[in-house]
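Asks: Same order as they appear, the protein sequences are chains A and B.
Oh and the first sequence: position 371 is 371 in the numbering used here, straight run, nothing missing.
Oh and the second sequence: position 194 is 194 in the numbering used here, straight run, nothing missing.
Hints are computed from structural coordinates only; laboratory data are not their basis.
Worth double-checking, as some hints may not be accurate.
Chain B is nowhere near these chain A residues, computed Cβ spacing over 12 angstroms in every case [stated by the list, open to error]:
id	residue
1	74
2	223
3	354
4	444
Straight line, CA to CA, 25 angstroms or less: simulated SDA-like cross-link-like pairs of lysine to any residue [stated by the list, open to error]:
id	chain 1	residue 1	chain 2	residue 2
5	B	54	A	14
6	A	398	B	269
7	B	433	B	54
8	B	90	A	72
9	B	398	A	115
10	A	398	B	153
11	B	20	B	304
12	A	381	B	54
13	A	3	B	17
14	A	90	B	29
15	A	408	B	29
Here the structure is a predicted model, which is why all the values come from computation and not from measurement.
Note that CB positions come from ideal geometry on N, CA and C, so glycine has one too.
Protein chains: 2
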Amino acid sequence: MSKTSIPRGTRDFSPDEMAKRNYIFDTIRTVFKCYGYAPIETPAMENLSTLLGKYGEEGDKLLFKILNSGNPFAEVSAAELENSNAVTFKVSEKGLRYDLTVPFARYVVQHQNDINFPFRRYQIQPVWRADRPQKGRYREFYQCDADVVGSASLLNEVELVQMVDDVFTRFGISVTIKINNRKVLSGIADVMGASDKLIDITVAIDKIDKIGQESVLEELRAKGVAEEAVQKLLPILLLNGTTDEKLDKLSDILSSSETGMMGISELRTIFGHLKFFSLPQKVEVDLSLARGLNYYTGAIFEVKANDVAIGSICGGGRYDDLTGIFGLKNVSGVGISFGADRIFDVLTALDKFPTAATETTKVLFLNFGSQEIVTALSCLKNVRAAGISAEIYPDAVKIKKQMEYANKRNIPYIAIIGEEEEKNSVISLKSMKSGNQQVVSLEALIQLLV
Amino acid sequence: MSKTSIPRGTRDFSPDEMAKRNYIFDTIRTVFKCYGYAPIETPAMENLSTLLGKYGEEGDKLLFKILNSGNPFAEVSAAELENSNAVTFKVSEKGLRYDLTVPFARYVVQHQNDINFPFRRYQIQPVWRADRPQKGRYREFYQCDADVVGSASLLNEVELVQMVDDVFTRFGISVTIKINNRKVLSGIADVMGASDKLIDITVAIDKIDKIGQESVLEELRAKGVAEEAVQKLLPILLLNGTTDEKLDKLSDILSSSETGMMGISELRTIFGHLKFFSLPQKVEVDLSLARGLNYYTGAIFEVKANDVAIGSICGGGRYDDLTGIFGLKNVSGVGISFGADRIFDVLTALDKFPTAATETTKVLFLNFGSQEIVTALSCLKNVRAAGISAEIYPDAVKIKKQMEYANKRNIPYIAIIGEEEEKNSVISLKSMKSGNQQVVSLEALIQLLV
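When you get a sec, could you build the whole thing from the sequences and use the hints?
Replies: Encoded structure:
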């Protein structure tokens, strides 16, 4: 079977899986469009110069690199073979995109003169990572991103939370939308007297759900954060109460940090608007939310399913200088990304896929051979013209085999035009579900199935 | 600007281009579904062992190859550097798919126990070729394929032609659908007494539109086809009249070739059915149609636009042994592939894109700052809940700037909630096209825009 395997960590999608996945994409796309976001697509390959250094050292290793065409090894010397990196970048100038955010930043800079800012764009495309494949982690997977750039207004954050709420409400998935702010995290580092350790602190806090509070403090000590500072973090991690209560207490603790107070003010504005909408889903402030990526500068979002134990199913935040890496300064942006694979798993676990999502063909015309086939084809044409998905079994094999095919394909109706039906210009329509059969005119059949 | 370039032969797609492309994909997908074809997707990367040798020697060179992860050069010796191919296959095990047909054949063999045959599948995904980029030829482009495997019935050919007809009729593009049969080509080689030169003959005939009839004959002589045989080809290339007349004359010429007569019989069956449907588009037999690919064994299709000078915009045919290369014998298949890029160019040339295809947001709410924004956001929520794409300008900048944005984005309506409107619980709705402004209730606004 090795002749027909696919690369590790990649997947084929069958019609049934496609139908479910399209239901997910269509739902997300509908919400994106409803909020004025417009689609773009970027190439699967980017120049390596665009991708390298954007995802940390580990990320660089996880990029899939593409061999140059022609004879890429002609210029490689034996001595160079010692240095794998040098050879790699000599024989490879392109890589597969690792996420949609960096290509989007590149897109904005490249097309800045054609874009109408504020630019709300969405993008639903696969990305590739040479990660070690494991359950639920793939080397090829889709990301569904919506970002707005060129506007610093907090209304954007408010609308993105509304969109997240809208998407999961349409899916029938109960979630908690967690919000934090990187400025608050900076403020915490400030009052800890460890501003220089901000990255270490946020990386450690990000792990609290996985490794627990004591290990977070331990990790900070190991990173050289003074014990006094570590102790100052503890009450912040333990804050409780309503969002307003938490923000009030935090105001007291962070009062000496200008950045921290700005973060609190932003959170208050966002929650103030959200309260007004009384969204169906739970939205809360979560100060332990840090996210690994270091380009966020303001709001941070993360979404967890309430009834399925799985990691974050959606996340995002504001980044004040994403396009700066490509030479365009002062373009603030904020965005969210939906994890289609995990949402697929959650919908499966909760059995929330609508049955209509998996139905393809509505009616199968049986094939009795050359005599009546012309009538069947003529009816078929009319049925399809009415927008009904219909097919005819192409070969005049045993009826039992044709019925089995309809059954396995989940086709709900069978249309029969035999000698008798032909003579009377009617069709026998059989429901595969109930087994009931009725004799109808072509017009009645279309009325029934449309 | 080199910091923000993309690899040669690849493209970014802007919202406007995406809307047009999605119109093309959606139209094709609608027809595929209507005829009972179900979607699948395969990974962008396939094992090189799956791809190599399937597209000829030239095709192997045009495969984009992906470097193995880790340190792929650790095992490469200095001596091996002399042999580019040996190094390539040592450091690279995966390649980007070159078309959708070979991955589909691999899919059918790999999942044969889960598939309900006859299997009608469609697939709309990008493919990659390291071709020299030029006008209209890209290194990344989408293919839109529909194939049915596991049925030898000619009804499949008939339905595929109907689908092609349906797609181009929906686009409003006038086309000619050309049909030939590889068995007829075999028959021609037989009666020429040059059966061993079949490939050379079909490759040469395939070029007749590009290089002319005399050059075709010249090419055959150069390939070592005897002059007597070359002369026998000429009357066949010059056959004219209606389809029935052509097939009648051809019957006389090919009567000594069993294969050739089988091809004629297949063509008669297909045209017999098609005549019955009286399709809107022109369908004709074209004996000069050969297509380069050598895996076709029966019907061959090609579609040309009648009013735009551009190459083939759709093509396909029957292949009796596609899955044989992966060890599964006797699975006959037939399929078609639409060229989305060329269809895009034809629709552009004929100005046939519907305007609705490029419209995204229906109404923009102006932003007057904090006072009235809460009312605007509340209205916005209701407008979106009614399924209307709507947005608010996120920043309270000058109204002129907000209007310019709406204009450039092609947003047809502006909703204004200022102090006066706020007080009277109404909205001023301005049409960007006519310039007319009316004062309406929220309910009336929704009625107008839905």
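Asks: Sort out which numbered hints this structure fails and list those numbers smallest first.
Replies: Per hint list: 1, 7, 12, 13, 14 violated.
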